[in-house]
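K.L.:
Using the sequences provided together with the hints, build the complete structure.
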Amino acid sequence: MKKFSAAMLLASVSSYALVIQDVRYEGLSRISPMMAEEMSGVRKGEQFVYDKIGKSILNFYSQGYFDDIWVEEKDGALIYHFKEKPVIAKIEFAGESEGDIEKYMSDLGIKKGDSYDEERIEKSKKAVMKHVENEGFYNTVVEADKKEINDGSAVEVTYVINKGDKIYIEKLTTVGNSKLKKKKILSQAANQEREWAGWLWGRHDGKLKLEELTYDSARIKDVYMQNGYLDATVSDAFLTADFNTYTATLDYKITEGEPYNVIDIKIEQKEKILDDNVLMEGLKLKKGEVFNIEKLRKDMDAIKNKIADKGYAFTRVTPDFSKDENTHTTTVTFMVDPGQKVYINNVYISGNSRTLDNVVRREVFLAPGDLYSLTDMTDSKNSLKRTGYFEDVTIEEKRVSADKMDLLVKVKEAPTGYGTYDGLIFNAGINDKNVFGSGLNLGFNMEVSGKQSNYDISLANPRLRDGKYSLSGNIFSRKYIAYDYTEKSTGSSVTLGRQIGRHL
23 MKKFSAAMLL ASVSSYALVI QDVRYEGLSR ISPMMAEEMS GVRKGEQFVY
73 DKIGKSILNF YSQGYFDDIW VEEKDGALIY HFKEKPVIAK IEFAGESEGD
123 IEKYMSDLGI KKGDSYDEER IEKSKKAVMK HVENEGFYNT VVEADKKEIN
173 DGSAVEVTYV INKGDKIYIE KLTTVGNSKL KKKKILSQAA NQEREWAGWL
223 WGRHDGKLKL EELTYDSARI KDVYMQNGYL DATVSDAFLT ADFNTYTATL
273 DYKITEGEPY NVIDIKIEQK EKILDDNVLM EGLKLKKGEV FNIEKLRKDM
323 DAIKNKIADK GYAFTRVTPD FSKDENTHTT TVTFMVDPGQ KVYINNVYIS
373 GNSRTLDNVV RREVFLAPGD LYSLTDMTDS KNSLKRTGYF EDVTIEEKRV
423 SADKMDLLVK VKEAPTGYGT YDGLIFNAGI NDKNVFGSGL NLGFNMEVSG
473 KQSNYDISLA NPRLRDGKYS LSGNIFSRKY IAYDYTEKST GSSVTLGRQI
523 GRHL
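Residue numbering for the sequence shown is 23 to 526, as defined by my numbering.
Please note that the accuracy of each hint is not assured.
In silico lysine-lysine, DSSO-like type, Cα no more than 30 Å apart, as pairs [as the list claims (entries may be wrong)]:
no.: 1; residue 1: Lys275; residue 2: Lys229
no.: 2; residue 1: Lys243; residue 2: Lys188
no.: 3; residue 1: Lys243; residue 2: Lys203
no.: 4; residue 1: Lys308; residue 2: Lys243
no.: 5; residue 1: Lys77; residue 2: Lys105
no.: 6; residue 1: Lys133; residue 2: Lys473
no.: 7; residue 1: Lys332; residue 2: Lys134
no.: 8; residue 1: Lys134; residue 2: Lys243
no.: 9; residue 1: Lys326; residue 2: Lys432
no.: 10; residue 1: Lys275; residue 2: Lys326
no.: 11; residue 1: Lys145; residue 2: Lys188
no.: 12; residue 1: Lys188; residue 2: Lys152
no.: 13; residue 1: Lys107; residue 2: Lys66
no.: 14; residue 1: Lys107; residue 2: Lys133
no.: 15; residue 1: Lys145; residue 2: Lys193
no.: 16; residue 1: Lys205; residue 2: Lys229
no.: 17; residue 1: Lys434; residue 2: Lys510
no.: 18; residue 1: Lys309; residue 2: Lys326
no.: 19; residue 1: Lys328; residue 2: Lys420
no.: 20; residue 1: Lys169; residue 2: Lys125
no.: 21; residue 1: Lys243; residue 2: Lys332
no.: 22; residue 1: Lys294; residue 2: Lys345
no.: 23; residue 1: Lys133; residue 2: Lys420
no.: 24; residue 1: Lys145; residue 2: Lys125
no.: 25; residue 1: Lys407; residue 2: Lys326
no.: 26; residue 1: Lys105; residue 2: Lys152
no.: 27; residue 1: Lys169; residue 2: Lys501
no.: 28; residue 1: Lys363; residue 2: Lys317
no.: 29; residue 1: Lys77; residue 2: Lys145
no.: 30; residue 1: Lys125; residue 2: Lys204
no.: 31; residue 1: Lys294; residue 2: Lys306
no.: 32; residue 1: Lys193; residue 2: Lys275
no.: 33; residue 1: Lys345; residue 2: Lys203
no.: 34; residue 1: Lys328; residue 2: Lys309
no.: 35; residue 1: Lys204; residue 2: Lys306
Quick caveat, the hints were computed from the structure, so don't treat them as lab data.
As the structure is a prediction and not an experimental result, all values here were calculated from the model.
P.N.:
In structure tokens form, the structure reads like this:
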């Protein structure tokens with residue numbers, strides 16, 4: 023009996039003068055023997071060739087399913103032995119909220135049912151780390167604990183996130199701005215200077231959002247463009263961080279220039295679809311007024327919509343500026359390329375496991391053979407959302423030829439009294455605002471299904487000891503069983519109020 027590893031097989035290019043009597047594959051569960059034979063390319067009746075067998079082993083390794091592979095020859099039979107990687111049976115995040123878990127899972131790169139692979143796990147940890155850093159936490163440590171189950175054929179992966187400290191922007195400086203105030207030019211920036219009582223709504227807590235820092239210079243530039251400063255320049259953010267105090271300073275260098283007025287507005291159509299005056303109607307940019315990039319964007323959309331409603335689904339509208347730096351005026355020209363008229367080839371509907379196709383289709387105002395209309399597209403999406411049957415609706419356009427497209431209507435159904443996951447949902451409640459004539463408010467509500475249970479009890483006294491104070495209490499219990507985790511929460515609250523005057 024002879025055993026071979028991938029290294030041994032590839033190191034040799036000689037042939038073994040033996041005809042293969044049989045080929046067997048042992049230890050497989052992720053792929054069938056028929057598929058394995060197709061992948062190996064080694065057949066019964068062929069001559070025994072080291073190089074070919076070695077390549078077949080590498081081909082198996084490339085699938086990502088196996089920790090170890092070895093081959094042995096026994097009485098003319100070639101036997102492949104496989105040690106498969108364990109399957110990920112469960113993914114959990116210790117101590118994290120449901121909202122954070124959904125956010126981490128979106129970019130995790132692995133899911134339940136995948137093979138456990140250390141390299142992919144490391145990448146997933148970095149993805150989690152990126153989300154945590156975007157929240158303003160630094161020096162964070164993310165661990166992925168592995169627990170073997172089913173004799174090691176499957177594993178549970180638990181991510182443990184030890185969040186570090188947050189960095190706060192103590193000082194934000196803008197140099198070079200004299201015509202627009204600092205507060206105005208930073209109005210769209212994600213990173214802001216820490217303000218007193220920054221935890222209040224409308225105030226800035228100053229947490230550093232590192233990923234957004236790259237875009238903040240462009241956001242500041244956009245504010246200047248909204249106010250006509252076509253020559254304005256904004257430097258990249260210059261950040262200085264002190265990791266002893268976890269504070270930072272942020273600086274921008276700005277060159278403002280002068281605001282430009284719009285001296286003329288023109289439209290140039292590659293192919294005359296509508297009269298220029300029709301396209302001009304309702305434009306936000308006006309002659310004689312200060313240029314505004316936000317109005318320009320809306321005008322581009324408005325022109326595109328008018329052309330697209332005539333069947334030109336792939337209309338392109340490109341703005342062109344002609345600036346006079348001496349008079350600080352600009353002429354804006356909208357270059358319109360309508361492309362080709364497009365007709366609807368077919369309408370496909372997906373995601374409606376409960377709702378009938380015709381119920382979805384009757385809300386779509388475009389059918390096979392119809393001329394494309396952007397307004398009909400928008401109205402179809404809005405109409406589907408207004409039914410209340412769906413949590414989310416998207417309509418994708420898939421071009422199938424120069425003059426035809428398919429519409430892919432994708433819906434996500436909203437939960438009803440009976441759901442595909444929760445099953446039958448039972449609701450019951452008792453609410454009495456005057457229990458036994460005492461003036462007390464008593465409430466009890468429960469919602470129970472196969473996957474969740476919610477209980478809520480509340481008691482309120484609107485006139486404590488017949489005085490001006492009110493007192494209320496609430497006790498709740500929640501349980502939700504998701505596909506990959508179970509979330510439980512219990513809690514209570516107490517609220518004290520006081521009557522102010524007769525009517526408040």
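K.L.:
Would you mind marking each hint as holding or not holding in the structure?
P.N.:
Hints, one by one, checked against the model:
Proximity of Lys275 to Lys229 is assessed by CA-CA distance (about 21 Å); at most 30 Å being required, the pair is judged to hold. In summary, the hint linking Lys243 to Lys188 is supported, as the alpha carbons are separated by about 28 Å, within the 30 Å threshold. With a C-alpha separation of about 13 Å, the suggested pair Lys243 and Lys203 falls inside the 30 Å cut-off, and the hint holds. For the given pair, Lys308 sits about 22 Å from Lys243 by alpha-carbon distance, which is consistent with the 30 Å threshold.
With a C-alpha separation of about 18 Å, the suggested pairing of Lys77 with Lys105 holds against the 30 Å cut-off. At roughly 21 Å between alpha-carbon atoms, Lys133 and Lys473 fall within 30 Å of each other, so this suggested pair holds. For the hint linking Lys332 to Lys134, the alpha-carbon distance of about 47 Å lies beyond 30 Å, and the restraint is violated. Restraint check for Lys134 and Lys243: the C-alpha separation of about 44 Å exceeds 30 Å, so the hint is violated.
Using a Cα cut-off of 30 Å, the hinted pair Lys326 and Lys432 holds, with the two alpha carbons roughly 25 Å apart. Between the alpha carbons of Lys275 and Lys326 the distance comes to roughly 37 Å, so the proposed pair goes past 30 Å and is violated. At roughly 23 Å between alpha-carbon atoms, Lys145 and Lys188 fall within 30 Å of each other, so this suggested pair holds. For the hint linking Lys188 to Lys152, the alpha-carbon distance of about 14 Å falls within 30 Å, and the restraint holds.
Among the hinted pairs, Lys107 with Lys66 is consistent with the structure: their alpha-carbon atoms are about 28 Å apart, no more than 30 Å. Distance check on the hinted pair: Lys107 and Lys133 sit about 15 Å apart at the alpha-carbon level, within 30 Å; holds. Simply put, Lys145 and Lys193 have alpha-carbon atoms about 35 Å apart, too far for the 30 Å limit, and the pair is violated. For a cut-off of 30 Å, the pair hint linking Lys205 to Lys229 stands: about 17 Å separates their Cα positions.
A distance of roughly 26 Å separates the Cα atoms of Lys434 and Lys510; the hinted pair therefore holds under the 30 Å criterion. Using a Cα cut-off of 30 Å, the hinted pair Lys309 and Lys326 holds, with the two alpha carbons roughly 21 Å apart. Distance restraint check for Lys328 and Lys420: the Cα-Cα separation of roughly 21 Å lies within the 30 Å cut-off, and the hinted pair is therefore satisfied. Between Lys169 and Lys125 the alpha-carbon distance is near 23 Å, which keeps this suggested pair within the 30 Å criterion.
Our distance criterion of 30 Å between C-alpha atoms is broken by Lys243 and Lys332, whose separation comes to about 36 Å. Our distance criterion of 30 Å between C-alpha atoms is met by Lys294 and Lys345, whose separation comes to about 27 Å. Distance hint between Lys133 and Lys420 is fulfilled; the C-alpha atoms sit about 28 Å from each other, no more than 30 Å. With a C-alpha separation of about 16 Å, the suggested pair Lys145 and Lys125 falls inside the 30 Å cut-off, and the hint holds.
At roughly 24 Å between alpha-carbon atoms, Lys407 and Lys326 fall within 30 Å of each other, so this suggested pair holds. Taking the CA atoms of Lys105 and Lys152, the gap is about 34 Å. The hint is violated against a cut of 30 Å. Annotation: proposed proximity of Lys169 to Lys501 holds, straight-line Cα distance about 24 Å (limit 30 Å). Distance check on the hinted pair: Lys363 and Lys317 sit about 28 Å apart at the alpha-carbon level, within 30 Å; holds.
Proposed proximity of Lys77 and Lys145 is supported: the alpha carbons are some 28 Å apart, at most 30 Å. Proposed proximity of Lys125 and Lys204 is contradicted: the alpha carbons are some 33 Å apart, above 30 Å. With a CA separation close to 22 Å, the supplied pair Lys294 and Lys306 stays within the 30 Å bound. About 15 Å separates the Cα atoms of Lys193 and Lys275, which keeps this hinted pair within 30 Å; it holds.
Note on Lys345 and Lys203: the hinted pairing holds, with a Cα-Cα distance of about 25 Å set against a maximum of 30 Å. As the CA atoms of Lys328 and Lys309 are separated by approximately 21 Å, the hinted pair is consistent with the 30 Å bound. For the suggested pair Lys204 and Lys306, the alpha carbons sit about 27 Å apart, so the restraint of at most 30 Å is met.
Of the hints listed earlier, those the structure fails to meet are numbers 7, 8, 10, 15, 21, 26, 30, in rising order.
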